[in-house]
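Enquirer: Got chain A; can you put chain B on it based on the hints?
These protein sequence lines are chains A and B, in that order.
Position 157 of the first sequence, counted from 1, bears residue number 157 in the UniProt record's numbering, the numbering being contiguous throughout.
Position 193 of the second sequence, counted from 1, bears residue number 193 in the UniProt record's numbering, the numbering being contiguous throughout.
FYI, nobody ran anything at the bench for these hints, they're computed from the structure.
Among the clues, some could well be false.
Here are the simulated EDC-like pairs of lysine to aspartate or glutamate, each with C-alpha atoms no more than 16 Å apart in a straight line [as the list claims (entries may be wrong)]:
hint: 1; chain 1: A; residue 1: K136; chain 2: A; residue 2: D55
hint: 2; chain 1: B; residue 1: K212; chain 2: B; residue 2: E157
hint: 3; chain 1: B; residue 1: K229; chain 2: B; residue 2: E157
hint: 4; chain 1: A; residue 1: K165; chain 2: B; residue 2: D47
hint: 5; chain 1: A; residue 1: K235; chain 2: A; residue 2: D211
hint: 6; chain 1: B; residue 1: K171; chain 2: B; residue 2: D5
hint: 7; chain 1: A; residue 1: K136; chain 2: B; residue 2: D47
hint: 8; chain 1: B; residue 1: K315; chain 2: B; residue 2: D192
hint: 9; chain 1: A; residue 1: K136; chain 2: B; residue 2: D24
hint: 10; chain 1: B; residue 1: K37; chain 2: B; residue 2: E88
hint: 11; chain 1: A; residue 1: K165; chain 2: B; residue 2: E51
hint: 12; chain 1: A; residue 1: K108; chain 2: A; residue 2: D55
Being a predicted model, the structure only gives us computed values, none of them experimental.
For reference, the chains in residue letters:
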Amino acid sequence: MDIKALQEISLALRRDVVEMVYRTKDGHPSPSFSVADIVTALYFAIMRLDPTRPDWEDRDRFVLSKGHSCPILYAALARKGYFDREELFTLRYLNSHLQGHPYAPKTKGLDATTGSLGNGVSIGLGMALAARIRRKDYQVYAITGDGELGEGMIWEAAMAASHHKVGNLTVFIDNNNYQSGGTVGEVSGPYPIEDKWQAFGWHVQTIDGHDMDQILRAVEIAHLVTDKPSAIVCKTVKGNGVSFMVGENSWHKRVYTEEEYKQAIKELGGAV
Amino acid sequence: MSTIDSTRIGFRDALLKLASERKDVVFVSTDSLKVVKGEPFLQQFPDRVLELGISEQNGVGVCSGLAASGLLPYICTYAGFLTMRACEQMRTFVSYPNLKVRFVGANGGLHGGNREGVSHQFIEDVGILRGMPNFTILCPADGGQVYEAMLASVDVEGPVYIRIGSGREDKVFPDGTPFSLGKIRILSDEGDDVALLAHGFVLGRVLEAAKKLKEEGISAKVVEVATIKPLDTAGLASVLNATGCAVTVEDHTIINGLGSAVAEVIAEGNPAYLVRLGLQDVYGESGFPEELLDAYGMRVEDIVSAAKKAMAHKKQ
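Here chain A stands alone, though its shape is the one from the complex (with noise of 0.2 Å):
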């Protein structure tokens, strides 16, 4: 799939996390879209995957550690298939398969459970070495919050996944600058990010993480480092393709209404 495709895969995506806020009044609008185009790339460019075979052992594995950007998640599984569409409008409603964070049993096509932050990257170890001990060829993917590196988990897992020379696991680190009280600087420490991955035992790349041809590119370059996992720091923005989110921090979490919601389709390319 050509890199125009993609970006406008990213958009629609985007289009459907704005409709699912709008209508089910709940949810991350602008986190999702922060990581909008790395879950784009991954799920329409780079992963192994068979929508009519969700627990398909040789698949590759997406674990999303900041799990309250699900919604780009659900949009992302719902455009391959794994459900209808308009299963996304069900978002955090009760006997919904789409939880407000990730739930692994109910959701076809979701790899793990994920909500309470700084747990990924060790799930996605687990799933790595398994791999290993079953001699699969898959890859792992986790995508974490800059903000989320506060987890002292994060480090634990990332020390041991060094020490094990887990090369098919690539974490991507949503460096969007926002936590859910300010920003990262104000809040948190994690700066340098990439010194720190580094001085873990980690390959590092930094990109552009709304630049789909450098999303890809990073991507094949871990796929060549085989005796380290990866880490890729995206620079992002949060609520990007929304002129009124960026920079504005309480879209966080907070409901569109019905002029924001039209206004947010228009500029995300769409029709209202």
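Expert: The following block gives chain B in isolation, referenced to the frame of chain A:
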């Protein structure tokens, strides 16, 4: 009596047996190989030992990923470092998605430590896990029973917690006695005067107390409740309805452990007078394990007295 003279050896030997029969068995170590005397496992199955260093939260997270990818991970370290330090990981990433991870908690109870004191002595583990849906909680009484519990529970769906001790437990059961998974077990049935309900490393003391009671003309049922969850409520109800009074003895806080579980059965329609022996909402302290059990109200004499107290309050 069992030739497996320690709960840690019981765990290790059963793991070796399971791993030799099944390719999906993996041991996850958080620098805990020595704790469980696991070197033979490392020698025989080097590719199925994952040493993660001192990182219990990460260890449980890794177990979640392993189990979600078709393996059967066993993680064993000190009970509290699992159930307290990695409590959220056990709950949200294993119990909630109902993954098959096996947790083996060492140093359970006052008897479980080696004069370590409270930081390495765990009297809350069972209570913490009782509140988590999907968990099976097993408290075997000696090394041989740990071995049997490991084998009996291998195919149980969802997470399983097996409480083990220090390696200095009394032997209670003869070799090869099956573990009673999911059912209470009546070990001594002298009559219906009183029920003595217990699990784990205090069971020998309870049997001793029953003998003393018999000498005084009091007939007790000694009941092992080794599966705390799912609880055999029907079996317990039958015993409680027959005796009308009971004593629970547990090397654990009396809050939310065996005593509480039995109290719930009583409250839900099986009236009986209950006396709960165990840690009375206090922490322990350093000391020799048997001395500690004595000091915190679990002497044979204490069990005898509790039985008499329970009988005195029984409704006629």
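Enquirer: Decide, hint by hint, whether the structure agrees.
Expert: Comparing the hints with the structure gives:
no., hint, verdict
1, A/K136 / A/D55, "14 Å, holds"
2, B/K212 / B/E157, "41 Å, violated"
3, B/K229 / B/E157, "13 Å, holds"
4, A/K165 / B/D47, "14 Å, holds"
5, A/K235 / A/D211, "10 Å, holds"
6, B/K171 / B/D5, "7 Å, holds"
7, A/K136 / B/D47, "14 Å, holds"
8, B/K315 / B/D192, "13 Å, holds"
9, A/K136 / B/D24, "14 Å, holds"
10, B/K37 / B/E88, "27 Å, violated"
11, A/K165 / B/E51, "13 Å, holds"
12, A/K108 / A/D55, "9 Å, holds"
Hint violations for this structure: numbers 2, 10, all remaining hints satisfied.
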